[in-house]
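Participant: Please work from the sequences and hints to get the whole structure.
For the sequence shown, the working numbering begins at 1 and goes up steadily by one.
A couple of the hints might just be wrong.
Pairwise CB distance ranges (calculated) [what the hints assert, rightly or not]:
hint : residue 1 : residue 2 : range
1    : 76        : 99        : 33 to 43 Å
2    : 191       : 107       : 23 to 33 Å
3    : 161       : 122       : 22 to 32 Å
4    : 139       : 98        : 31 to 41 Å
Treat the hints as calculated values from the structure; they're not laboratory data. The beta carbon of each residue, even a glycine, is placed where N, CA and C say it ideally should be.
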Amino acid sequence: MNSHFPKMAADDLDFQRTALFLDVDGTLLDIAATPERVVVPGRTRRDDRPARTIARRRAAIVTGRTLADLDRLFLPLRTRAAGVHGAEIRFAPNEAAVESDGAAPLPDSLWRAFAATTLAFPGALAENKRYSFTAHYRAAPKAAAPLRAALLSLLERCATGDLELTDALCAYEIKSSGVNKGAAVRRFLERPPFVGRRPMFIATTPATNSASARSPIAAASLSRSARSDRKSTMCSPIRRRCGYGWSGSPPSRPLRERRDRAQRRHGFCADRQLPDRRSR
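Facilitator: Okay, here's the thing in structure tokens:
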């Protein structure tokens, strides 16, 4: 399933039988100009309720970020998580991460060529995540098409093994085609506490649909138009339920009361969009 997240209702989710998987950028946290400029709001760091909720529920984070970067963002919180699209997985908060089957660090020679190709476009940034290389062009939007063509040409000339170029949010990424978020979710489903549960993956980028395309996962995707339509008034619905604070104008009192009632009733869950009555 590929739908706008606000169309989903909390009553449709049975958390006694659902395993919840969450992306980070654009879902739990707002997207920034560069990956290192993404921050967790101070209110969230002071409030440990979201951390307790994630730990208590059958939930895990599945992200393109490295686990080291994820832990840096959410310190002191450690969760079940898959990083670099599943190349590294931590099955329990107190366990060390393991390397997924089929995942291997990409060669240094490819990184040097990748960085040189990316940095030839002013404003573009190259990121080395060992298991994948990412070219960010958010600060150079006009470079999107030529950068993609240059990276495809690089992949044909230099790449060895089963590598692919994938699209992300204002970015392109080279990684092993055998490493994807769907495979990471399937590995979680083989272990407690996820065994026998219906998986649901919540993310923002359509690229994350690899999680649903390659495994029987209900995927809720926030389209770019849906995000821009409500960017000025509220943060994403999943952050409302997690306790990750509001962005833009604060909610009205009726909206806060409805949000709080939903949180007390459902805990960490998805809910239908709660419109601000002031706009009516």
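Participant: Please go over all the hints and tell whether each is borne out by the structure.
Facilitator: Each hint tested on the structure:
Between residue 76 and residue 99 the C-beta distance comes to about 25 Å, which lies outside the given range of 33 to 43 Å. With their beta carbons about 31 Å apart, residue 191 and residue 107 fall inside the hinted range of 23 to 33 Å. The beta-carbon spacing between residue 161 and residue 122, approximately 31 Å, falls within the hinted interval of 22 to 32 Å. Distance hint check for residue 139 and residue 98: the Cβ-Cβ separation is about 35 Å, which falls inside the suggested range of 31 to 41 Å.
Hint compliance for this structure: hint 1 alone is broken.
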